[in-house]
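Engineer: Please build the complete structure, drawing on both the sequences and the hints.
As a plain string of letters, each chain reads:
Number of protein chains: 2
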Amino acid sequence: MKIAVDCFGGDKSPGANVEGAVWALDRHDDLELVLTGDEAKIRDELSLYNYDTDRITVVHAPEIITGDDKPINAIRLKKESSMVKAIRLLREDKDIGAVVSTGASGALIGIATIRIGRIEGVRRPAFCPLLPTMTGGIVGVCDSGANVEAVTPETLVHNAILGTEYLKTAYAIESPRVALLNVGTEAHKGDELRQKTYQYLSELDNFNFVGNMESRDLLSGKYDLIVSDAFSGNVLVKSVEGTAVELLKKIKRDIYSKNLYKMGALLMKKMFKEEKEFMNYQNYGGSVLLGCEKVIVKGHGSSSSTAVSICIDQAYRMANSRMNENVASAIADFNRQQNLE
Amino acid sequence: MKIAVDCFGGDKSPGANVEGAVWALDRHDDLELVLTGDEAKIRDELSLYNYDTDRITVVHAPEIITGDDKPINAIRLKKESSMVKAIRLLREDKDIGAVVSTGASGALIGIATIRIGRIEGVRRPAFCPLLPTMTGGIVGVCDSGANVEAVTPETLVHNAILGTEYLKTAYAIESPRVALLNVGTEAHKGDELRQKTYQYLSELDNFNFVGNMESRDLLSGKYDLIVSDAFSGNVLVKSVEGTAVELLKKIKRDIYSKNLYKMGALLMKKMFKEEKEFMNYQNYGGSVLLGCEKVIVKGHGSSSSTAVSICIDQAYRMANSRMNENVASAIADFNRQQNLE
Numbered sequence: 552m553k554i555a556v557d558c559f560g561g562d563k564s565p566g567a568n569v570e571g572a573v574w575a576l577d578r579h580d581d582l583e584l585v586l587t588g589d590e591a592k593i594r595d596e597l598s599l600y601n602y603d604t605d606r607i608t609v610v611h612a613p614e615i616i617t618g619d620d621k622p623i624n625a626i627r628l629k630k631e632s633s634m635v636k637a638i639r640l641l642r643e644d645k646d647i648g649a650v651v652s653t654g655a656s657g658a659l660i661g662i663a664t665i666r667i668g669r670i671e672g673v674r675r676p677a678f679c680p681l682l683p684t685m686t687g688g689i690v691g692v693c694d695s696g697a698n699v700e701a702v703t704p705e706t707l708v709h710n711a712i713l714g715t716e717y718l719k720t721a722y723a724i725e726s727p728r729v730a731l732l733n734v735g736t737e738a739h740k741g742d743e744l745r746q747k748t749y750q751y752l753s754e755l756d757n758f759n760f761v762g763n764m765e766s767r768d769l770l771s772g773k774y775d776l777i778v779s780d781a782f783s784g785n786v787l788v789k790s791v792e793g794t795a796v797e798l799l800k801k802i803k804r805d806i807y808s809k810n811l812y813k814m815g816a817l818l819m820k821k822m823f824k825e826e827k828e829f830m831n832y833q834n835y836g837g838s839v840l841l842g843c844e845k846v847i848v849k850g851h852g853s854s855s856s857t858a859v860s861i862c863i864d865q866a867y868r869m870a871n872s873r874m875n876e877n878v879a880s881a882i883a884d885f886n887r888q889q890n891l892e
Numbered sequence: 552m553k554i555a556v557d558c559f560g561g562d563k564s565p566g567a568n569v570e571g572a573v574w575a576l577d578r579h580d581d582l583e584l585v586l587t588g589d590e591a592k593i594r595d596e597l598s599l600y601n602y603d604t605d606r607i608t609v610v611h612a613p614e615i616i617t618g619d620d621k622p623i624n625a626i627r628l629k630k631e632s633s634m635v636k637a638i639r640l641l642r643e644d645k646d647i648g649a650v651v652s653t654g655a656s657g658a659l660i661g662i663a664t665i666r667i668g669r670i671e672g673v674r675r676p677a678f679c680p681l682l683p684t685m686t687g688g689i690v691g692v693c694d695s696g697a698n699v700e701a702v703t704p705e706t707l708v709h710n711a712i713l714g715t716e717y718l719k720t721a722y723a724i725e726s727p728r729v730a731l732l733n734v735g736t737e738a739h740k741g742d743e744l745r746q747k748t749y750q751y752l753s754e755l756d757n758f759n760f761v762g763n764m765e766s767r768d769l770l771s772g773k774y775d776l777i778v779s780d781a782f783s784g785n786v787l788v789k790s791v792e793g794t795a796v797e798l799l800k801k802i803k804r805d806i807y808s809k810n811l812y813k814m815g816a817l818l819m820k821k822m823f824k825e826e827k828e829f830m831n832y833q834n835y836g837g838s839v840l841l842g843c844e845k846v847i848v849k850g851h852g853s854s855s856s857t858a859v860s861i862c863i864d865q866a867y868r869m870a871n872s873r874m875n876e877n878v879a880s881a882i883a884d885f886n887r888q889q890n891l892e
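These protein sequence lines map, in sequence, to chains C and S. So for the first sequence, this note's numbering puts the first residue at 552; every next one is plus one. So for the second sequence, this note's numbering puts the first residue at 552; every next one is plus one.
Mixed in with the good hints, there may be bad ones.
[Stated by the list, open to error] On the chain C side, residues computed to face chain S include the following (Cβ under 8 Å): (1) 685; (2) 700; (3) 732; (4) 741; (5) 742; (6) 770; (7) 787; (8) 793; (9) 795; (10) 811; (11) 822.
I should point out that these hints are in silico values taken from the structure, not numbers from a laboratory. C-beta atoms are modelled at their ideal positions from N, C-alpha and C, and glycine is treated no differently.
Structural biologist: Given below as structure tokens:
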């Protein structure tokens with residue numbers, strides 16, 4: 552099993568990417584990694600660790616794609632970048648089963664779509680990040696920002712199929728409970744897009760559709776996968792993140808406002824640290840770009856070594872799985888059903 | 552100054568509505584209230600308080616509109632409901648300047664649009680709830696769920712105008728900082744709807760447009776008004792609410808898991824209560840239905856007496872203001888500018 556890790560483009564690159572890669576080797580005996588980026592810098596980082604040198608290869612790529620690069624230009628103008636090279640390896644080297652990157656999302660979508668292509672029948676790739684639930688599980692949101700234009704009921708059904716197969720493959724959730732993000736729980740709620748999608752999802756028997764969900768219930772633990780358009784999925788995921796971060800920061804400030812609170816907080820130090828870690832969604836892996844012919848895991852731009860390492864675990868579980876075949880077959884079923892209507 | 556209060560349809564109706572009404576009298580010497588709903592039940596509640604009986608009138612309305620009533624049917628089939636009667640008073644009694652209701656949103660929008668009408672030039676009414684910011688202020692989100700269909704760049708600009716005039720009038724914010732909810736901060740981000748709206752908002756000089764905002768920054772205190780379509784505004788507001796509630800519940804559960812934490816939490820009891828109150832957006836007033844020719848304030852379905860009373864304060868500040876004239880004039884300006892293009 553071979554995975555390519557794009558070692559540049561993240562806030563903590565290349566340090567976190569290299570360290571995360573080395574850590575991942577320890578957990579998977581048959582894993583080999585190809586690191587792309589400035590070779591000298593990567594070697595400098597690698598020299599800090601003891602690892603089996605046979606299992607890590609470095610492919611030199613001197614350029615870096617940043618958030619300022621227009622996605623459309625990235626592939627054309629930065630052919631020698633760590634991201635383009637990682638994707639090229641994924642395309643050309645049949646032994647490489649996945650790419651992990653912490654670089655710019657827009658460029659990654661563009662390069663992946665052009666160089667790797669989509670699974671047959673999939674209209675648009677979709678991101679599916681994972682968040683923690685209050686019952687100790689995880690919940691995926693698909694799409695959270697890949698397909699901002701051209702959202703139709705059909706693409707939302709594709710998101711449901713992609714997310715379901717992903718959770719089955721990478722998290723062994725046998726029958727993921729799928730809900731549609733909406734402004735109310737009743738079947739007639741929302742715009743035409745939501746109403747038509749609700750109808751499709753109710754009629755298909757490929758998955759376990761449990762109805763509409765209001766955003767306030769995201770963390771309840773009642774759902775495994777939330778189907779959404781990219782825009783509102785993006786709003787949802789980032790507002791959970793923002794609210795948790797801001798609220799925990801406020802609690803910290805308030806603690807410092809009174810000696811009594813400071814004393815109390817001393818006893819609870821470990822708990823507060825755990826709450827922060829609990830809500831830090833980097834701990835639950837990257838946002839997988841679903842729908843491409845090969846596995847691409849996008850870590851948060853600010854990914855730590857731990858976060859990168861978890862992304863490699865995700866990629867490992869998906870590469871060489873039958874996930875994409877299952878997606879293609881579920882989408883073919885859906886298309887057949889539509890034609891029958 | 553006379554305000555009609557719909558006393559039924561909320562989870563804590565009529566108790567909370569009547570109590571909130573009585574409390575409001577104390578704060579505004581020139582305020583008179585008309586309470587609509589089952590007269591016997593309202594009189595029962597009123598009998599619990601000492602108040603100036605000259606300042607409260609009860610208008611009997613035996614029916615109740617619930618969330619199960621289709622909005623389209625509510626006005627036709629439930630003419631004797633507390634909501635329809637309150638809106639009818641607003642329309643027919645020129646002394647009544649506003650309605651406060653904790654009843655079903657959909658029905659309220661429908662009845663208000665048909666019976667009260669829109670301000671000249673406004674295409675669709677919009678809800679604008681308020682949330683607390685981490686710098687001790689408030690931030691409005693407009694629209695949060697009134698206009699789910701037919702969203703255009705023009706309706707989003709209308710939302711910006713409505714929200715701006717509301718914050719100026721009811722909260723004396725001189726020049727509200729307006730941001731557009733988007734998937735990224737750069738001007739080119741988002742779909743065509745967002746890009747065109749961004750362009751409009753940048754060109755108009757009626758307000759203080761500060762650019763795009765990602766949902767994670769909502770509570771930062773950097774913005775006074777967030778312009779959004781109803782669907783993503785709804786997702787945003789409810790996910791902030793849900794995340795705060797779930798996180799505080801989790802902290803509570805975790806405290807009970809260890810004696811050490813229980814001891815610490817004892818010292819911090821007051822602080823935790825304050826955090827909960829801080830994040831409870833009922834404390835910041837109702838969601839005003841902007842764009843109608845008269846003032847309509849929609850309290851949360853679960854409004855407490857305090858929440859109802861705050862809604863009456865909001866209505867009081869808006870009724871008899873020049874808010875609607877300012878909206879009409881700003882929209883006329885916008886339309887003129889569009890025609891010039």
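Engineer: Interface hint check: residue 685 of chain C, Cβ to nearest Cβ on chain S, cutoff 8 Å. Holds or violated?
Structural biologist: holds (5 Å)
Engineer: Restraint: residue 793 of chain C near chain S, CB-CB cut 8 Å. Satisfied or not?
Structural biologist: Holds, about 3 Å.
Engineer: Using Cβ atoms only, decide whether residue 732 of chain C comes closer than 8 Å to chain S, and label the hint accordingly.
Structural biologist: With Cβ-Cβ at 7 Å, under 8 Å, it holds.
Engineer: Using Cβ atoms only, decide whether residue 787 of chain C comes closer than 8 Å to chain S, and label the hint accordingly.
Structural biologist: holds (5 Å)
Engineer: Should the hint that residue 811 of chain C touches chain S count as held when the rule is a Cβ pair under 8 Å?
Structural biologist: Holds - the Cβ of residue 811 of chain C comes within 8 Å of chain S, reaching about 5 Å at its closest.
Engineer: Does the CB of residue 795 of chain C sit less than 8 Å away from some CB of chain S?
Structural biologist: Result: holds, 6 Å to nearest chain S Cβ.
Engineer: Taking 8 Å as the limit, does the beta-carbon of residue 700 of chain C come near enough to a beta-carbon in chain S?
Structural biologist: Holds, because the Cβ-Cβ distance from residue 700 of chain C to chain S comes to roughly 5 Å (cut-off 8 Å).
Engineer: Mind checking the CB of residue 822 of chain C against every CB in chain S and telling me if the closest is under 8 Å?
Structural biologist: holds (5 Å)
Engineer: Given a cut of 8 Å on the nearest C-beta pair, is the interface hint for residue 770 of chain C held or broken against chain S?
Structural biologist: It holds, given that the least Cβ distance between residue 770 of chain C and chain S is near 5 Å, below 8 Å.
Engineer: Hint validation: residue 742 of chain C versus chain S, beta carbon distance must be below 8 Å. Holds or violated?
Structural biologist: Since chain S brings a Cβ to about 5 Å from residue 742 of chain C, closer than 8 Å, the hint holds.
Engineer: Per the CB criterion, is residue 741 of chain C less than 8 Å away from chain S?
Structural biologist: The hint holds - residue 741 of chain C has a Cβ within 8 Å of chain S, the shortest such distance being about 6 Å.
Figure legend: structure checked against the earlier numbered hints; every hint is met.
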